[in-house]
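K.L.:
So you can see what is in the structure, the chains are spelled out below.
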Amino acid sequence: MNPKKFGATIRALREQRQISLRKFADKVGISPTYLSKVERDEFPPPGEETIKQIAEALGQDPDELLALAGKVSSDLPAIIQQRPREMASFLRTAGELTPEELARLTKYVERMKRPG
Amino acid sequence: MEVKVPRISERTIEAEAAALLDRYSKEHEPILKPPVPVDELPEMVLQVRLEFDDLRKLVGRGDAIGATWFETREIYIDQSLDPTEHPRKRGRYRFTVGHEIGHWVLHRRFVPDRASQMALFEGRASEPSILCREANKREPAEWQADRFSSYLLMPRDLVLKAWRESRGAAPWAFDMPKYRTAVANGFTDSFDAVAKDMMNHIASDFAPQFGVSTEAMRIRLENLGLLKKVQGRQLLDLEAAG
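Residue numbers (our numbering), protein chains in the order written: chain G, 1 to 116; chain P, 1 to 242.
Looking at chain G on its own, in the form it has when it is part of the complex (with noise of 0.2 Å):
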């Protein structure tokens, strides 16, 4: 959660895969301009549709690099506003899990679900 670091995360990343500022900026779908001074953290992350763009670009995941922007997806908060107790409840529980048994529940969860 540090605002601070993502521009020269994906800086890194994008340097990585040997693409350039321009190419990367049109793929995106910003001026490289913005592009450079968010790459140097001169500028606070984008928001989240272009940063969803970068993940595709960078081949990342979304959510992953949300959160290195000190955000989560949009459609997190209405999930658990729907049902505010249950869902703050299965949260808090499942956060103390590792990730190893998270992703265990995940496919659990994902087999609960009825088909269509």
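Check the hints yourself; a few may be wrong.
Think about it this way: if two alpha-carbon atoms lie no more than 35 Å apart in a straight line, the pair counts; the simulated DSBU-like pairs of lysine-lysine are [to be verified]:
hint, chain 1, residue 1, chain 2, residue 2
1, G, K37, P, K178
2, P, K26, G, K37
3, P, K229, P, K26
4, P, K196, G, K37
5, P, K196, G, K52
6, G, K5, P, K57
Worth flagging that the hints you see were computed from the coordinates, not collected in a lab.
All of these numbers come straight from a predicted model, not from anything done at the bench.
For chain G, the structure is supplied; the task is to place chain P on it using the hints.
P.N.:
Relative to the frame of chain G, chain P by itself:
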């Protein structure tokens, strides 16, 4: 600041530009047609970062359009030339990138390394190694970087090919008969001024595909002998022969 550089011949400058394009072609993809991918070159070939910012604010001078830091391997372009935000500036943007690359390739070894001697600001010297403004265009280093950019954006073989494909093999010459026709059609300017207008008109057919200004294209076409003026002694000879 003025950078002291030795005289470098046109031929050397052209060869340096061609060598850089060769490296890109070998390491990435061959450049078979214009426009030359000029803003890929800093990062993809030279390991130099290309940045955009408000240079007025960054270096405190009003007419700065490009700046290069050799120590930290950075080229900055003024954001007023951003090709996405200001598509009409595309030609100037590309020429400026080519110009800064020219400083990197031609002049880096003549500028003393300041890393140890200057106050560093956030890891970089606050003053760029080279700052390019409208006002210092006549300094030798600036002139050389302009020539480099011209050769880089309009490589000889690509220009000759484009010319051949659209106009055939022959160059276009502005001569006294053409001038007389122009005058008969109401032109009142001098021979040179009308020649320039006509040449710009032809150059404007090529400028967009190379991503340069009409002016830059005309100069390159003249430089390759594809556009020329026939005047004076030559002309008298022609008239005597005719």
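K.L.:
Next step is simple, just say for each hint if it's right about the structure.
P.N.:
Okay, the hints, checked on the actual structure:
no.: 1; hint: K37(G) / K178(P); verdict: 53 Å, violated
no.: 2; hint: K26(P) / K37(G); verdict: 31 Å, holds
no.: 3; hint: K229(P) / K26(P); verdict: 38 Å, violated
no.: 4; hint: K196(P) / K37(G); verdict: 41 Å, violated
no.: 5; hint: K196(P) / K52(G); verdict: 51 Å, violated
no.: 6; hint: K5(G) / K57(P); verdict: 24 Å, holds
The structure is inconsistent with the numbered hints 1, 3, 4, 5, although it conforms to all the rest.
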